[in-house]
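Asker: Got chain E sorted already, so can you dock chains H and F onto it with the hints?
Okay, here's what each chain looks like letter by letter:
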Amino acid sequence: MSNPDASGILARPLAGGSYLTEGRPGLSGWLATHDHKRIALLYGVGITFFFLLGAVAAALIRLNLLTPAGSLMSAETYNKAFTFHGVVMVWFFLIPSIPATLGNFLLPLMIGARDVAFPRLNLFSWYLYVGGGLFTIGALLLGGVDTGWTFYTPFSTMFSNSHVILAVVGVFVVGFSSILTGLNFIVTVHTMRAPGMFWFRLPLFVWAMYATSLVMVLATPVLAMTLALIALERLFGIGIFDPALGGDPLLFQHFFWFYSHPAVYIMVLPAMGVTSELITCSVRRRIFGYKFMAWSMLAIAIIGFMVWGHHMFVSGQSMYAGIVFSILSFIVAVPSAIKVFNWVATLYKGDIDFRAPMIYALGFVGLFMLGGLTGLFLAATALDVNLTDTYFVVAHFHYIMVGGTVMAYLGGVHFWWPKITGRLYPEGPARFAALLMFFGFNMTFFPQYLLGYLGMPRRYHAYPEPYQWLNVLSSAGASLLAIAYLMPLCYLAWSLRQGRRAEANPWNATGLEWTVPSPPPTTNFALSPVVTEGPYEYRS
Amino acid sequence: MTPLRQASSVAPGIDALFDAMLALSAVVAAGVFVAMTVLCIRYRRGSAADRHGAGQHEFGIELAWTLIPFGLFVGLFAWSIGLWRRLQTPPSDAQTVYVVAKQWMWKTQHANGQREINALHVPLGEPIRLLMTSEDVIHSFYVPAFRVKQDVLPGRYTQLWFTATETGRFDLYCAEYCGSDHATMRGEVDVLPPAEYARWLRAHAVQSLASRGSQLFRQLGCSGCHGSQSSVHAPDLSALYGSTVALSDGSHVIADDRYLHDSIMLPAREVVAGYAPIMPSYQGHIDEEDVLALMAFLKSSDGGPSHEQP
Amino acid sequence: MTEMSASSVAARADAFDDIEQQRGASVLGMWVFLATEILFFGVLFAGYAICRIRFPEAFAAGSRQTDFAMGTLDTAVLLFSSCLAALAVRSVQLGARRSAVWLLMGTASLGCAFLLLHGIEYHDEYKQGLIPALRYDPAGHPPVAMALFFCLYYAITGFHSLHVAIGVVLLARLARMTAHGAFDRDYYAPVEVTALYWHLVDIVWIFVYPLLYLVGRAG
Numbered sequence: 001m002s003n004p005d006a007s008g009i010l011a012r013p014l015a016g017g018s019y020l021t022e023g024r025p026g027l028s029g030w031l032a033t034h035d036h037k038r039i040a041l042l043y044g045v046g047i048t049f050f051f052l053l054g055a056v057a058a059a060l061i062r063l064n065l066l067t068p069a070g071s072l073m074s075a076e077t078y079n080k081a082f083t084f085h086g087v088v089m090v091w092f093f094l095i096p097s098i099p100a101t102l103g104n105f106l107l108p109l110m111i112g113a114r115d116v117a118f119p120r121l122n123l124f125s126w127y128l129y130v131g132g133g134l135f136t137i138g139a140l141l142l143g144g145v146d147t148g149w150t151f152y153t154p155f156s157t158m159f160s161n162s163h164v165i166l167a168v169v170g171v172f173v174v175g176f177s178s179i180l181t182g183l184n185f186i187v188t189v190h191t192m193r194a195p196g197m198f199w200f201r202l203p204l205f206v207w208a209m210y211a212t213s214l215v216m217v218l219a220t221p222v223l224a225m226t227l228a229l230i231a232l233e234r235l236f237g238i239g240i241f242d243p244a245l246g247g248d249p250l251l252f253q254h255f256f257w258f259y260s261h262p263a264v265y266i267m268v269l270p271a272m273g274v275t276s277e278l279i280t281c282s283v284r285r286r287i288f289g290y291k292f293m294a295w296s297m298l299a300i301a302i303i304g305f306m307v308w309g310h311h312m313f314v315s316g317q318s319m320y321a322g323i324v325f326s327i328l329s330f331i332v333a334v335p336s337a338i339k340v341f342n343w344v345a346t347l348y349k350g351d352i353d354f355r356a357p358m359i360y361a362l363g364f365v366g367l368f369m370l371g372g373l374t375g376l377f378l379a380a381t382a383l384d385v386n387l388t389d390t391y392f393v394v395a396h397f398h399y400i401m402v403g404g405t406v407m408a409y410l411g412g413v414h415f416w417w418p419k420i421t422g423r424l425y426p427e428g429p430a431r432f433a434a435l436l437m438f439f440g441f442n443m444t445f446f447p448q449y450l451l452g453y454l455g456m457p458r459r460y461h462a463y464p465e466p467y468q469w470l471n472v473l474s475s476a477g478a479s480l481l482a483i484a485y486l487m488p489l490c491y492l493a494w495s496l497r498q499g500r501r502a503e504a505n506p507w508n509a510t511g512l513e514w515t516v517p518s519p520p521p522t523t524n525f526a527l528s529p530v531v532t533e534g535p536y537e538y539r540s
Numbered sequence: 001m002t003p004l005r006q007a008s009s010v011a012p013g014i015d016a017l018f019d020a021m022l023a024l025s026a027v028v029a030a031g032v033f034v035a036m037t038v039l040c041i042r043y044r045r046g047s048a049a050d051r052h053g054a055g056q057h058e059f060g061i062e063l064a065w066t067l068i069p070f071g072l073f074v075g076l077f078a079w080s081i082g083l084w085r086r087l088q089t090p091p092s093d094a095q096t097v098y099v100v101a102k103q104w105m106w107k108t109q110h111a112n113g114q115r116e117i118n119a120l121h122v123p124l125g126e127p128i129r130l131l132m133t134s135e136d137v138i139h140s141f142y143v144p145a146f147r148v149k150q151d152v153l154p155g156r157y158t159q160l161w162f163t164a165t166e167t168g169r170f171d172l173y174c175a176e177y178c179g180s181d182h183a184t185m186r187g188e189v190d191v192l193p194p195a196e197y198a199r200w201l202r203a204h205a206v207q208s209l210a211s212r213g214s215q216l217f218r219q220l221g222c223s224g225c226h227g228s229q230s231s232v233h234a235p236d237l238s239a240l241y242g243s244t245v246a247l248s249d250g251s252h253v254i255a256d257d258r259y260l261h262d263s264i265m266l267p268a269r270e271v272v273a274g275y276a277p278i279m280p281s282y283q284g285h286i287d288e289e290d291v292l293a294l295m296a297f298l299k300s301s302d303g304g305p306s307h308e309q310p
Numbered sequence: 001m002t003e004m005s006a007s008s009v010a011a012r013a014d015a016f017d018d019i020e021q022q023r024g025a026s027v028l029g030m031w032v033f034l035a036t037e038i039l040f041f042g043v044l045f046a047g048y049a050i051c052r053i054r055f056p057e058a059f060a061a062g063s064r065q066t067d068f069a070m071g072t073l074d075t076a077v078l079l080f081s082s083c084l085a086a087l088a089v090r091s092v093q094l095g096a097r098r099s100a101v102w103l104l105m106g107t108a109s110l111g112c113a114f115l116l117l118h119g120i121e122y123h124d125e126y127k128q129g130l131i132p133a134l135r136y137d138p139a140g141h142p143p144v145a146m147a148l149f150f151c152l153y154y155a156i157t158g159f160h161s162l163h164v165a166i167g168v169v170l171l172a173r174l175a176r177m178t179a180h181g182a183f184d185r186d187y188y189a190p191v192e193v194t195a196l197y198w199h200l201v202d203i204v205w206i207f208v209y210p211l212l213y214l215v216g217r218a219g
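Chains as they are written, first to last, in our numbering: chain E, 1 to 540; chain H, 1 to 310; chain F, 1 to 219.
The shape of chain E in the complex, shown without the other chains (with noise of 0.2 Å):
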């Protein structure tokens, strides 16, 4: 760094053009561009709308279990719906979500950088997100794929006649994504370090995007081969999935778990980042534990890797396969748990502001919370048997990646939308859709754990009469969070327009990113930032 203005770039005048406003017009200037921060919009524009795709898919699972007979749809049309929902909720709205939007727009300008690494290939990155996306819908408009997101064999390879193919070639490719951002932010966070912003003076969700990155480059691939083995043999009908010849459908739920799991790590570590940037902004108060905060990252990413047999309990591995992955999967909880109580702990001493992201975030601690600590009763075998593969697992999930992901997805589009957009959104709609966001999930999904500790199996279509109230409890619920994710589209799309212009720092939150306008000017930065201090420098 001995002479970062070599080319004179640095020195460009701001003219007080921002990356919304700066660069080549028209819809060229953002199908072409290389500044992350457009990308991140693009990106902002694709998850939202596979999220409202996967949330209709997701109305129609809820109202067709209304009755017990499942009338709405033909028990076809209900699997393909749930399929449905799954692969686009998973791969096309929460693995993306953070990292491709807020991390997009956030990981160079937290750590003082005009951009990512490689532009081109964020970019690149993006059409491979849309060209996947484009493989899945025209699965659907063909008439959709009935194997459950999980692809199991050799259901997925012999059995089901639906377009399997395409759907796993969009996923494939949607993967390719993944591992393209993961790379970039890598070498990203390793290279373009700001002087003076060492390891540990990285904001966390910094440390987030590093985490997962790691996790999206080291788990992607193995999801993206054993689909193609899983393409090729339904292609050729032969394949070491096989059991005809003597092959192994448990092989393929090894490889699948290998990266599925882990990928839950992918959906809920760039929540913890957001969730800690929220809070400590909120509190005026250093994190508490950064380090340990920074490290259970870290943690949770490679311990991650090795707890995916707990998926398989019931599935016919061996008992002490099931003896190691249980243990493993208590482990892994530790660092989960040190989170929460640091969260909470960084409340001590606070100067507590209760704006929207605030409330977002103590949702997803609550939530996050009550996922993990039923998580727990999944990792133990014994109790396993029985919870698996019955409504208490889709709770359980649910509220991990919906009421963890979503909740702290949402708060970061609130508290960096100043940033993003220039304008703030208005507080008092914003708190009462967080507010009732928590409320409408949990009547959705508490309802879920009781059907599943009453032994109702997951994705089915039509159930016995006695879980038939809960259920419309549920359903009930779902209405209530369908409203709740609503509002802030509609609220948000008005501010564009209509919100209050922002300053450079509308929050007096720390962090390099508030020391650019709002919004930013395409090169980030007029001059590289030096850093001399941690992250979370509230009291002085």
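These are computed hints drawn from the structure, not numbers from a lab. One or more of the hints may lead you astray.
To be verified - Label pairs and their in silico Cβ distance ranges: (1) E:Leu489 / F:Tyr136: 24 to 30 Å; (2) F:Ala165 / E:Ser318: 51 to 57 Å; (3) E:Gly143 / F:Val27: 43 to 49 Å; (4) E:Phe236 / F:Arg173: 29 to 35 Å; (5) E:Gly138 / H:Gln215: 49 to 55 Å; (6) H:Asn118 / E:Val324: 33 to 39 Å; (7) H:Asn118 / E:Leu52: 38 to 44 Å; (8) E:Leu142 / F:Ala179: 45 to 51 Å; (9) F:Ala165 / E:Pro464: 54 to 60 Å; (10) H:Val253 / F:Arg217: 24 to 30 Å; (11) F:Arg135 / E:Val324: 42 to 48 Å; (12) E:Met73 / H:Val34: 55 to 61 Å; (13) F:Ala96 / H:Gly250: 45 to 51 Å.
Stated by the list, open to error - Coverage of chain H stretches by chain E, computed from C-beta distances (three or more under 8 Å per stretch; other residues unrestricted): (14) 32-44; (15) 65-78; (16) 140-149; (17) 155-167.
Claimed, not checked - Some chain H residues close to chain F (C-beta under 10 Å, calculated; not the full set): (18) Leu247; (19) Ser251; (20) His252; (21) Gln283.
Here a beta-carbon is modelled for each residue, glycine too, at the ideal position from N, C-alpha and C.
Answerer: Using the frame of chain E, we list chains H and F on its own:
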């Protein structure tokens, strides 16, 4: 809604662990929620609370809430593992019932040959071991009132055991998604008092599984090579079950259920030492129920085929 | 992955402060990418290991059906090409443009030769009826599970050949750019990272060769 019944010998133990974890989780969750609420009220913006001197002894606190959960988790793990081992190890006196799953029904078959569809009659208080396989995709045998569940796979056997402790009818579900009519792949386990169960067995008496196997053994031409008077050089199958078999690649296997199944369906996979791999595969020619019958015959107490008169 | 143009100053992408930082990023990026590649192949190798433990006989029998001589020739060709790739990087670093162009073209043509050899192998195997699902009719009494060996054989070699093909395209492009003077002593990261990729393709083959060609012939 009626509370879930507790109708097997393992259910009370599992429920005790569940209740303990529920209590522990409730304490932790309540603690965190109360702490959050109290702190949020006390340190809300504008309150007069003293805010000096935060952030001492951080390391000790962190260590405490790393190690205490860890200790608790190890304890829960140990508790659960005890139950798990019990769930995974059927008692040696358990009576075997065969289960074949297919899209979308459960076919069960008792040792005496009684067959049922989407139903299973079992005696009260006696350990039952289910030996299960699938003809197509993966299914999962789940009886919530017994707290047992086990996936049922094509091409291999899995087992599950329980001792029913309450008479009555209990729901049986398929818990692993298996295609269009997954949700209707349900049945009932009917637990009868032993005397009544014996009556039921008598009322439905048919040819025993082993004797049906013996019939198949001749019909399918097995006896042509494996029969005691056959001129073909094929291994003798008498008293095979449970013995150790030397294979042509120098290894040894125990002749268990899996071995017998694979020797019929994938004969070239493990060839007995000293024999040519000439046996044809029966895959696609016979279904899993026939394999179970053949196996019952090979395992039968009269010693298997060599004692049969050709 | 990196911006490329005639001189090193203009070659620097906007996001970087200096060319050294950019080179560091390119090399790290390639290493991370190679890690993902190892996991890609890792799935196939893990599948191979598990199936082979279950069916040692069938895998030995399958392995004996592969073309030992061609496999050995494949290995020699790839190893030699990797050596040329390493020399090409050195030439670019030393500013020897002409020899760099020849070395890069040599590497690319050896890659083509490898693909050609593989094509011949596949053709022979088709004639012998060793391709499951297309034409599978092996002579004698092969074990049923030998088909699994060939599934993996084609998955692994096919996926590897895809990598070789991509590498050939990249190398040919680099040769052209080198001829036009795109690289010099200060700016050679694209050549360096492409060579890294090529070495990975080579290393993967070093594992493929014994697993697929040699196993059944030992002992």
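Asker: Look at each hint and say if it fits the structure.
Answerer: Each hint, compared with the structure:
1. E:Leu489 / F:Tyr136: 24 to 30 Å: Check failed, 55 Å falls outside 24 to 30 Å.
2. F:Ala165 / E:Ser318: 51 to 57 Å: Taking Cβ atoms as reference, alanine 165 of chain F and serine 318 of chain E lie about 41 Å apart, which means the hint is violated.
3. E:Gly143 / F:Val27: 43 to 49 Å: holds (47 Å)
4. E:Phe236 / F:Arg173: 29 to 35 Å: holds (33 Å)
5. E:Gly138 / H:Gln215: 49 to 55 Å: holds (53 Å)
6. H:Asn118 / E:Val324: 33 to 39 Å: Between asparagine 118 of chain H and valine 324 of chain E, where Cβ atoms are some 36 Å apart, the hint holds.
7. H:Asn118 / E:Leu52: 38 to 44 Å: holds (40 Å)
8. E:Leu142 / F:Ala179: 45 to 51 Å: holds (47 Å)
9. F:Ala165 / E:Pro464: 54 to 60 Å: Holds - the Cβ-Cβ distance for alanine 165 of chain F and proline 464 of chain E, about 56 Å, lies within 54 to 60 Å.
10. H:Val253 / F:Arg217: 24 to 30 Å: holds (26 Å)
11. F:Arg135 / E:Val324: 42 to 48 Å: The hinted range 42 to 48 Å holds for arginine 135 of chain F and valine 324 of chain E, with Cβ atoms some 43 Å apart.
12. E:Met73 / H:Val34: 55 to 61 Å: violated (44 Å)
13. F:Ala96 / H:Gly250: 45 to 51 Å: violated (57 Å)
14. 32-44: Since 8 is at least three, the answer is holds.
15. 65-78: holds (count 8)
16. 140-149: Three-residue rule met by the region 140-149 of chain H, so holds; n is 7.
17. 155-167: Coverage by chain E holds here, the residue count being 3 at a Cβ distance below 8 Å.
18. Leu247: Holds, because the Cβ-Cβ distance from leucine 247 of chain H to chain F comes to roughly 9 Å (cut-off 10 Å).
19. Ser251: Result: holds, 8 Å to nearest chain F Cβ.
20. His252: violated (14 Å)
21. Gln283: holds (8 Å)
In summary, the structure is inconsistent with hints 1, 2, 12, 13, 20 from the numbered list given earlier, while agreeing with the others.
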